[in-house]
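Number of protein chains: 2
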Amino acid sequence: MTATALPVALDAMGGDHAPAVVVEGAVEAARAFGQPVLLVGDRARVEAELARLGVTPGSLPITVRHASEVIAMDESPAAVLRRKKDSSIRVCFDLVKAGEAVAAVSAGNSGAMMALGALVLGRIEGVDRAAIATLLPTPRGRTVLLDAGANVDCKPQHLVQFAVMGEIYARRVLGIREPTVGLLTNGTEDTKGNDTTREALALIRSLGLARFLGNVEGRDIYNGNCDVVVCDGFVGNVALKTSEGLADAIRAMMREEVERSWRAKLGYLLMRPAFKAFERRVDYAEVGGAPLLGLDGVGIVSHGGSSARAIRNAIRVAAAFAQSGVNRAIRDDLARRAAPVAPGPQPAVEVQ
Amino acid sequence: MTATALPVALDAMGGDHAPAVVVEGAVEAARAFGQPVLLVGDRARVEAELARLGVTPGSLPITVRHASEVIAMDESPAAVLRRKKDSSIRVCFDLVKAGEAVAAVSAGNSGAMMALGALVLGRIEGVDRAAIATLLPTPRGRTVLLDAGANVDCKPQHLVQFAVMGEIYARRVLGIREPTVGLLTNGTEDTKGNDTTREALALIRSLGLARFLGNVEGRDIYNGNCDVVVCDGFVGNVALKTSEGLADAIRAMMREEVERSWRAKLGYLLMRPAFKAFERRVDYAEVGGAPLLGLDGVGIVSHGGSSARAIRNAIRVAAAFAQSGVNRAIRDDLARRAAPVAPGPQPAVEVQ
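From first to last, the protein sequence lines are chains A and B.
Using the working numbering, the first residue of the first sequence is number 1, and each one after it goes up by one.
Using the working numbering, the first residue of the second sequence is number 353, and each one after it goes up by one.
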């Protein structure tokens, strides 16, 4: 990756293992990519973590910015907006707004991230709702799922904007030339879906995306047929959490079956490198973070349980996003679509 | 299981491998359980399959009822209702209505099953919408998910009825004394959910179910914490199809990793019995079929790709359901809740 000249603002206090693991992730990113990082949080605690890791001032492109408050995982976004003007998340976004950082990254309260991101940075013109865009593993690569949980009650127009934003993200950040886009419903036929998705289906079709597949099913999240899967945040959250639960259940049941025989235990030992390779392939830590698509700036949310590796990769994602031109492309695309069509020259009559 | 005296009506023409596999399943059920089965469909084709399997007339409690029409998998329920009065699915329900069969079973078009079931049998008094109740594997047993796909646009009141029906089903058919019931949303806090589920949450809470957990997440479908998970059919379908897709993707990716080394291949051979045991545990065929809860009668839908074993088990489920008293219990429960509360004697004052 190419590091950005300006730092990524990282919420040092966000996540289940903050600040220790978050600071470790920042150090890894600074070492591996030379990426400047602004650690935002309780200065004394953050500096103690840096000292623990043997980071001497000036040895890495890491600086610390004090923030006196911390937003808890279960605080409601509404309460956060009213209080806590000096929370670490808020300060991260303030730094982006002031042009002192290229992106805000947090493994903390994602609802607060979304609310504060929208408050401080605002949304891209033409975007009514920002969406969390998550990458999920498939046998062929990755699928972008959005919205992964930010907006529970969506109108058709919101889903349309998610489709536009997701397609541009897949092009610009994942490097897919003509991403396939699908609307997540309960079947592939046009008659499937609920009232909201049926209306959205017609609207998205009228956009003329390069490769819109129409309605897709839950299977298409993981089979690699669809690069971008569009849904509201309620459905996206259910799909994600169901996946996590199923993966855990499969692990637990396989473990039980293996425990039943020595033969299977030996087989497991032999297969362990294959299991590890598989786990790396599907490991969330490799993705690191999900962008809040539609913010007028860059905000990246990470899992609360993020490891140092996940934080490191979230910083990488943040820097890549900041350099991708995605937000400008979204703005231009939505403006172009909203503009009245100018009467151009008539097409030449095609001679058969 | 205890066979019913009256037969189960089985749609011989429904499913991807009909009539061959369906007839095989009927024969297996008749042999294994002594369950009488009425095979409904094209008489010549069904009898040819019976002959192929060496079933001589009278040797098993299997009879054939001719139906001249077949409903295709992709026919819309609306079209099916207007036409095809002599479809195999319709005739199955007619037989139940006429008291000649205890249940209708089909691996065919589930939308047509639902529509024809409601048309011919009607719904239990107090039930506005019937729901598909699917059993999903967990490390501790099974979870009932409803609605698994019948009703895409649900009102809060429908979700309330699903909760009541699901709880009674878990009690009566799965034998769980006090089933835990959860409402599927995007988080466990009361503030989570969309407009519909937030309203449903308050209504279900007011029912006074023995063990209502409130909001649950996608994870709870598979972790065994929740016996009955309630959602609309759109969300239920997405959760199910996402699960199928993820399970397939995990298999495909594991296969690729195993193929990379001889060591892993050997390990796989040693682990194969454990994998097989796991697959049996999660195999849909062991469940066989999902009841249409809320019909005033018994209708069981099976996967289109059902094996003979799945059909055999769907017949077992149908007979068990017919004998469970679930429908009467649902009717009584809803009537009791709808009845105005009679002014009873005042409770005695409790002495501290």
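Just so you know, not all the hints are guaranteed correct.
What the hints assert, rightly or not - Pair ranges (Cβ atoms, derived):
hint, chain 1, residue 1, chain 2, residue 2, range
1, A, Ala202, B, Gly493, 39 to 47 Å
2, A, Arg331, B, Gly566, 18 to 26 Å
3, A, Arg205, B, Asp505, 49 to 57 Å
4, B, Ala400, A, Glu256, 26 to 34 Å
What the hints assert, rightly or not - When the alpha-carbon atoms are kept at most 20 Å apart in a straight line, the in silico SDA-like pairs for lysine to any residue are as follows:
hint, chain 1, residue 1, chain 2, residue 2
5, A, Lys276, B, Glu477
6, B, Lys617, A, Asp195
7, A, Lys155, B, Asp505
8, A, Lys276, A, Arg142
9, A, Lys276, B, Phe627
10, A, Lys155, B, Met606
11, A, Lys265, A, Ala277
12, B, Lys628, A, Asp248
13, B, Lys449, B, Met425
14, A, Lys155, B, Glu609
15, A, Lys265, B, Leu618
16, A, Lys276, B, Pro508
17, B, Lys507, A, Ser261
18, B, Lys628, A, Thr2
19, A, Lys276, B, Lys449
20, B, Lys617, A, Ser261
21, B, Lys507, A, Asp248
22, B, Lys507, B, Lys449
23, A, Lys265, B, Lys507
24, B, Lys507, A, Asp195
25, A, Lys276, B, Lys507
26, A, Lys155, A, Thr196
27, A, Lys265, B, Glu609
28, A, Lys265, B, Asp505
29, B, Lys628, A, Glu199
No lab work stands behind these hints: they were computed from the structure.
Just so we're clear, the structure is a prediction, and the values are computed from it rather than from any experiment.
No residue lacks a Cβ here, since even glycine has one placed at the ideal position from N, Cα and C.
* Agreement of A:Lys155 and B:Glu609 with the hint, judged by alpha carbon distance not exceeding 20 Å -> Violated: A:Lys155 and B:Glu609 sit about 42 Å apart, past 20 Å.
* Verify the proposed pairing of A:Lys155 with A:Thr196, using a straight-line Cα cut of 20 Å. => Cα-Cα ~6 Å, so holds.
* To do: Take the C-alpha atoms of B:Lys617 and A:Ser261, compute the straight-line distance between them, and say whether it is at most 20 Å.
  => It holds: about 18 Å lies between the C-alpha atoms, which stays within 20 Å.
* Holds or violated: A:Lys265 to B:Leu618, with C-alpha atoms at most 20 Å apart -> Within the cut-off at roughly 12 Å; holds.
* Asked: Does B:Lys628 pair with A:Asp248 here, judged by a C-alpha cut-off of 20 Å?
  -> holds, 18 Å
* Does B:Lys449 lie within 20 Å of A:Lys276 when you go C-alpha to C-alpha? -> violated, 56 Å
* Asked: Between A:Arg331 and B:Gly566, does the C-beta distance stay in 18 to 26 Å?
  -> violated, 41 Å
* Pair hint outcome, B:Lys507 versus A:Asp195 [Cα-Cα no greater than 20 Å] -> holds, 13 Å
* Agreement of A:Lys265 and B:Glu609 with the hint, judged by alpha carbon distance not exceeding 20 Å -> With Cα atoms ~18 Å apart, A:Lys265 and B:Glu609 stay inside 20 Å; holds.
* To do: Verify the proposed pairing of A:Lys155 with B:Met606, using a straight-line Cα cut of 20 Å.
  => violated, 39 Å
* **B:Lys628 paired with A:Glu199 [C-alpha distance capped at 20 Å]** => Distance of about 44 Å is beyond 20 Å: violated.
* Would the pair A:Lys155 and B:Asp505 pass a check requiring their Cα atoms to be no farther apart than 20 Å? -> Roughly 14 Å separates the two Cα atoms, so the pair holds.
Hints 2, 3, 4, 5, 6, 10, 13, 14, 16, 17, 18, 19, 21, 22, 23, 25, 28, 29 from the list above are not met by this structure, while the remaining hints are.
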